[in-house]
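> Sequence:
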Amino acid sequence: MSDRVPSPAPRKPTIRDLLQQVIDEVVGKGLYWPEVSGEFEKLFIVQALRISGGSVCRAAELMGVHRNTLSKKIRQHGISRSKLGR
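Position 83 of the sequence shown, counted from 1, bears residue number 83 in our numbering, the numbering being contiguous throughout.
Source of the hints: derived by calculation from the structure; they are not laboratory data. Possibly wrong hints are sitting among the right ones.
With beta-carbon atoms standing in for the labels, derived distance ranges [as the list claims (entries may be wrong)]: (1) 6 <-> 44: 33 to 41 Å; (2) 21 <-> 62: 17 to 25 Å; (3) 79 <-> 5: 46 to 54 Å; (4) 32 <-> 58: 31 to 39 Å; (5) 44 <-> 5: 38 to 46 Å; (6) 13 <-> 34: 22 to 30 Å; (7) 4 <-> 62: 41 to 49 Å; (8) 66 <-> 9: 37 to 45 Å; (9) 66 <-> 10: 37 to 45 Å; (10) 31 <-> 68: 41 to 49 Å; (11) 29 <-> 51: 35 to 43 Å; (12) 61 <-> 82: 17 to 25 Å; (13) 71 <-> 30: 27 to 35 Å; (14) 69 <-> 20: 21 to 29 Å.
In silico DSSO-like links for lysine-lysine, alpha-carbon gap of 27 Å or less [as the list claims (entries may be wrong)]: (15) 42 <-> 29; (16) 42 <-> 73; (17) 72 <-> 42.
We treat Cβ as the ideally placed atom computed from N, Cα and C, and that holds for glycine.
With the hints as extra help, turn the sequences into a complete structure.
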């Protein structure tokens, strides 16, 4: 019988860990907050719309925002819902 204690399974990265990696890379490349935050928001919205089949109401629920807020952001970012499954 072995006296070795099994090593614990590797820890799954948290959202904070993942975001810290992205932030380190973004800051290291000298990118500015307005550009980064706008692109992040746009990608977040596009993914929620894809998952919801283009439904603004469902995408808003997934994101935890009001549908009117999401509609405004969709217009601001020039996102076309027709290409996202609707």
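> Using the beta carbons of residue 13 and residue 34, state whether their distance is inside 22 to 30 Å or not.
Between residue 13 and residue 34, where Cβ atoms are some 27 Å apart, the hint holds.
> Are the Cα atoms of residue 42 and residue 29 separated by 27 Å or less?
Answer holds: residue 42 to residue 29 is near 20 Å, not above 27 Å.
> Looking only at beta-carbon atoms, does the pair residue 32, residue 58 fall within the given range of 31 to 39 Å?
holds (32 Å)
> Within 35 to 43 Å: is that where the Cβ-Cβ distance between residue 29 and residue 51 falls?
Because 29 Å falls outside the window, the suggested range is violated.
> Starting from the hint 41 to 49 Å, judge whether the C-beta atoms of residue 4 and residue 62 obey it.
holds (45 Å)
> Given the hint of 38 to 46 Å, is the C-beta distance from residue 44 to residue 5 inside that range or not?
Given range 38 to 46 Å: holds, Cβ gap about 42 Å.
> Holds or violated: the 17 to 25 Å window for the beta-carbon distance between residue 61 and residue 82?
holds (21 Å)
> Okay, residue 31 versus residue 68 on CB: inside 41 to 49 Å?
Check failed, 30 Å falls outside 41 to 49 Å.
> CB of residue 6 to CB of residue 44, is that within 33 to 41 Å?
holds (39 Å)
> Can you let me know if the beta-carbon spacing of residue 66 and residue 9 is within 37 to 45 Å?
With a Cβ separation near 40 Å, residue 66 and residue 9 satisfy 37 to 45 Å, so the hint holds.
> Residue 42 and residue 73 were given as a pair; does the straight-line alpha-carbon distance stay at or below 27 Å?
Distance ~8 Å between residue 42 and residue 73 Cα, so the pair holds.
> May I ask you to test the hint 27 to 35 Å on the CB atoms belonging to residue 71 and residue 30?
holds (34 Å)
Hints 10, 11 from the list above are not met by this structure, while the remaining hints are.
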